[in-house]
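Engineer: Given next are the chains, with one letter for each unit.
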Amino acid sequence: MKVSINWLKDFVDVDVDIETLSNLFTLHSAEIEETTKLINATNLKVGFVTDIKKHENADTLNVCQVKTNEGTHQIICGAPNVQENQHVIVAMPGAVLPGNFKIKKAKIRGVESNGMICSLNELGVDKSLVDASGIHVIKEACTLYDNPLEVLNLDDEVMTVHVNPNRPDLLSIMGVAIDTAAILDKEYHPKSYTVNEIKEENPIDITLNTPYCPSYYTRVVKDVVIRESPRFIKSRLIAAGMRPINNIVDITNYVMLETGQPLHAFDLDSLEKEEITVRLAKDNESFKTLDNKERLLKEDDIVITSNDIPIALGGVMGGADSEITDQTSRIIIESAIFDEVHIRNTQKRLDLRSEASTRFERGIDPNRTKLALDMCASLFEKYADAKTLKNIKKVDNIKPQSTEISVSLEKINKTLGTSYTKKDITQTLDKLFFNYTTNKTTFNIIPPSHRLQIETYQDIIEEVGRMLGYKNIPSSLPETVSVGRLSSYQIFKRNIKHHMTSLGLNEVKTYALIKDERVHEFDKDSQRTIQVNRPMSQEHKTLTLSPLPNLIDVVKYNKARKLSDVFIFELGKNYQKDNEIELLSGTLTGTYDSVDWQSSNKTIDFYLVKGLLESLFEKLNLNQITYHPTNAYKNCHPGQTALIKQGDDTLGFIGKIHPKYAQTHKLEDTFVFELDLKEMYNNKTAITQFNEISKYPSITRDIALVVDDKVLASELLESIKKASNKTLKTATVFDVYHGEPLAETQKSLAIKLTFGLKDRTLETQEIEEQVALILQAVKRKYDAELRSI
Amino acid sequence: MDIKQKVKDLLKEAKEQVAATDLMHNLNQVKADYLGKKGPFSGLMRHMKDLPNEEKPTFGKAVNTAKQELKKAIEKQREVIKERQIQAKLEAETIDVTLPSRQFRLGNKHLLTQIIEHIEDLFIGMGYEIKEGPEVEIDEYNFEKLNLPKNHPARDMQDTFYITEDTLLRTHTSPVQVRTMLNNNGNKPIKIICPGIVYRRDDDDATHSHQFMQIEGLVVDEKTTMADLKGTLEIMAKELFGEQRKIRLRPDYFPFTEPSVEVDVSCHNCGGDGCHICKQTGWIEVLGAGMVNNNVLKASGYDPEKYQGFAFGVGVERLAMLKYKINDIRDFYTNDQRFNNQFK
Ligand SMILES: [Zn+2]
Chain A
15 MKVSINWLKD FVDVDVDIET LSNLFTLHSA EIEETTKLIN ATNLKVGFVT DIKKHENADT
75 LNVCQVKTNE GTHQIICGAP NVQENQHVIV AMPGAVLPGN FKIKKAKIRG VESNGMICSL
135 NELGVDKSLV DASGIHVIKE ACTLYDNPLE VLNLDDEVMT VHVNPNRPDL LSIMGVAIDT
195 AAILDKEYHP KSYTVNEIKE ENPIDITLNT PYCPSYYTRV VKDVVIRESP RFIKSRLIAA
255 GMRPINNIVD ITNYVMLETG QPLHAFDLDS LEKEEITVRL AKDNESFKTL DNKERLLKED
315 DIVITSNDIP IALGGVMGGA DSEITDQTSR IIIESAIFDE VHIRNTQKRL DLRSEASTRF
375 ERGIDPNRTK LALDMCASLF EKYADAKTLK NIKKVDNIKP QSTEISVSLE KINKTLGTSY
435 TKKDITQTLD KLFFNYTTNK TTFNIIPPSH RLQIETYQDI IEEVGRMLGY KNIPSSLPET
495 VSVGRLSSYQ IFKRNIKHHM TSLGLNEVKT YALIKDERVH EFDKDSQRTI QVNRPMSQEH
555 KTLTLSPLPN LIDVVKYNKA RKLSDVFIFE LGKNYQKDNE IELLSGTLTG TYDSVDWQSS
615 NKTIDFYLVK GLLESLFEKL NLNQITYHPT NAYKNCHPGQ TALIKQGDDT LGFIGKIHPK
675 YAQTHKLEDT FVFELDLKEM YNNKTAITQF NEISKYPSIT RDIALVVDDK VLASELLESI
735 KKASNKTLKT ATVFDVYHGE PLAETQKSLA IKLTFGLKDR TLETQEIEEQ VALILQAVKR
795 KYDAELRSI
Chain B
648 MDIKQKVKDL LKEAKEQVAA TDLMHNLNQV KADYLGKKGP FSGLMRHMKD LPNEEKPTFG
708 KAVNTAKQEL KKAIEKQREV IKERQIQAKL EAETIDVTLP SRQFRLGNKH LLTQIIEHIE
768 DLFIGMGYEI KEGPEVEIDE YNFEKLNLPK NHPARDMQDT FYITEDTLLR THTSPVQVRT
828 MLNNNGNKPI KIICPGIVYR RDDDDATHSH QFMQIEGLVV DEKTTMADLK GTLEIMAKEL
888 FGEQRKIRLR PDYFPFTEPS VEVDVSCHNC GGDGCHICKQ TGWIEVLGAG MVNNNVLKAS
948 GYDPEKYQGF AFGVGVERLA MLKYKINDIR DFYTNDQRFN NQFK
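Residue numbers (this note's numbering), protein chains in the order written: chain A, 15 to 803; chain B, 648 to 991.
Rather than coming from a laboratory, the hints here were simulated on the basis of the structure. Some hints could be false.
Covered by chain A, according to a simulated footprint, are these stretches of chain B (three or more residues, beta-carbon under 8 Å) [stated by the list, open to error]:
id	region
1	746–755
2	849–859
Pairs of lysine to any residue, SDA-like flavour, derived with a Cα cap of 20 Å [unchecked claim]:
id	chain 1	residue 1	chain 2	residue 2
3	A	Lys118	A	Glu136
4	B	Lys756	A	Leu691
5	A	Lys428	B	Lys870
C-beta: ideal position from N, C-alpha, C; glycine also.
Could you build the full structure based on these sequences and the hints that come with them?
Structural biologist: Here is the structure:
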């Protein structure tokens, strides 16, 4: 809401500057978004055009002689409407216009010009609010010694109030004035308007056929003369951001801005019957609104009808057929209240938001319905030569607010943490026009009708808190003593982030909504996906099954910027209906460890990524992890991808991206992994007891086994473990050999066997027995031959 | 020739040889050559039998003294050679310490994670628990139980991604508060912080993001006041923006709190004098807060006659943008490694 300070001064003696007022208003009532001068220009004078001649070198320019209180000046002017014997606004050399436009003496096409004759647009008034096609001609009586802005009522300042849903009262000058008076501790001076009714009676019959119009007031005026509004109305509308049209339209808007009650004017002679019925629209009923658009209505819309023909979309927009025209003589002024929700739905559906509908959807003070009507009639009498017919015709089903809100002084102080006195509270309530009675320290309060949203004692506490000032509330901390801590799952997640970053991976964050086509890129199970109904773009439509498509994009983005070593992870989600599976996902490409001058670069490979993950598993106490080749991921290399399992539980996978996928995304060798956090969390073991360290040395034996190339190392090691007794502590592969003298389909795996017991040293004999057992077993199962190392 | 002179000459010659030796095995050779059984000293001793008896003891003593002297010289030379070898090794091993190092990769947590963990740790220290919840929520928890019934005008303040008529992407982490209150069956004090991802139907630009992160706090007990809210937020503002920061509360509106306030923090850039960051006001709008609306307590099973409390919510990106003067919210989600790597 844009508030003219001059208008505010009609109600309150504002004796502070706009900055101070705006600061106080922000602290006590509502945020002031902006303060401005209505016209931000210097060195303006009233000028009188005494003579005009065509510019000798330019058809469209005139050379004007303009008289000011400092003499006569020659000014070049290009406006089509400049004429002799006009009063105009002149910006003299030295003037600064909005946009830091400095006026100087100049030669225009060889002819001297000493200033500029201005339009209001050139003085900073928005084009939508004034005629910007020519200079502004001053029609008001004035002398050359006057300040043109004063003559035009434009020497005003404007503050823009941010109006929250709980403060519809601030959508009126009156409402802003009441809070201003309370904040500045000044009197609030209400205005009163007298209507001079003639003998002729208001002929309109009113019927309300819907509960969604609880109150409908009309007055009728006749013999109106349509013309321009008086200067003060025009300038105040401009200050409020509304374009002046004519006296009738302007006065209804003026009354709405002052009181918050929107009005509508119908041309009475355009109606078929002197009757108005308010009802809900019929489905698909058609109606032509003011803007000449045919609208299809729904049962939810409130329509004003006459003789059952819609003449207005109640509270939202008038009809083209009953619009005020230059020929209008008799006018019905409507001042009514419509249901907030219906107004909201209608204006939303038809995309018809207006100053009026905004006010209806927020809620109207029922006590201003008649006030606004009388104010309008009175101004019509004064500025449109109207005669007001006798009586208001109305139906009013609104019951006055009668429920009291009770709150005690103790409750107020217990909520705010303050020690305010009874007097502090009564003074606040008085300033805000709250009615109340007191019983010891309990207040029984009836809020004023312009504060419809005050419904609970908490609302009253807010009024007290803000008016007495939040700066006067002390600082303390909650008294409740409690244990603050992370859950063990939260600690687990922090450990993962900590470990992954220690290994040199950067954490990233990406969007959960992605392109629908990409959501299944790393999904092996064709899972169901979740889409939002109305995405802002196709790029962000479907919730991820895995953040990996995003991580691939991050790699692409960075590679495109010559950052070729990208090692990233994200804690993302697989969004399932009723289940959001938390994932640790990673993408790695480039050189893991590089010192160029030593040429010892380690380009990332499967085993490096596997090693990173195994260090994580070890850190998290995840034991007996196994790897199983898989070709289930369509965008992963079938020969370099493995499911990661613990027992029967699948924790995730690790793999190289498929060469085709790599080509599509212009990537080099890139590896991905993904792990299910909850699965990992549920499968980790906890150390419950310390493990005694053996005092006896362990003994190692190295063996090399020649097997078929297809035999997996994990299978071979598994049968080695099965074949021997508990003296075998570990068996690990330390070398793999292909080539002469082995056949092409063969490989040799060198395996280190470590034997030992906790309570004694093993005899050589025992170890030889175990090795023999092992060799037998692998010979039987894999036809493995011992090869001398 | 005088045999004594011979001993002297021999010792001199041997010592010169020793001194000229610079390798350990050569030194050992010299030692064997001179002092071995077939060496010249042994040879001299064989001449002893030719001497008159009275000269024999003196001669024997002289030879032995010479041998001892030579041995000493050899051992001394051994030390010299050892020292020389070490020196040579040091010289050989000297490197250019200014050449680049072997690189260890350094990974960093995302800036938003860092800020969230910082705030979590601050509040854990004050006795809060961390609560998380789903991002796909039901309308009832995201709106209805937070005093935002259907058709409430404030629903327009948060344009929402709906999935079905009743499910949506949460627009704030407040539903986690609802879930916590419901779990408690309305009879336990609550002190929680709820961090997480939230969504709004906004077009992405420098200051808007359809996805962002939020941290909300909730305290409910029998006596928590607005003064406690003010004190708590003061601690948070100082922790994040520096010990000198002040806060101010001013009226605002949220359906879930009453009274509701907007919380400004004195500008960390200019100290409150006014600059472009605080738009010359000296204050920066940082978060929304208030006393929990009784309708919210009631909807989640808490008796407002007995319980009261405060709630606040803050955008994590906004905190990071203010703190590090980041101008574009999209930077958090682009993950340009040159951006991410600045925050260790
Ligand atoms: Zn500043």
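Engineer: Find the hints from earlier in the document that the structure breaks and name them by number, from lowest to highest.
Structural biologist: none
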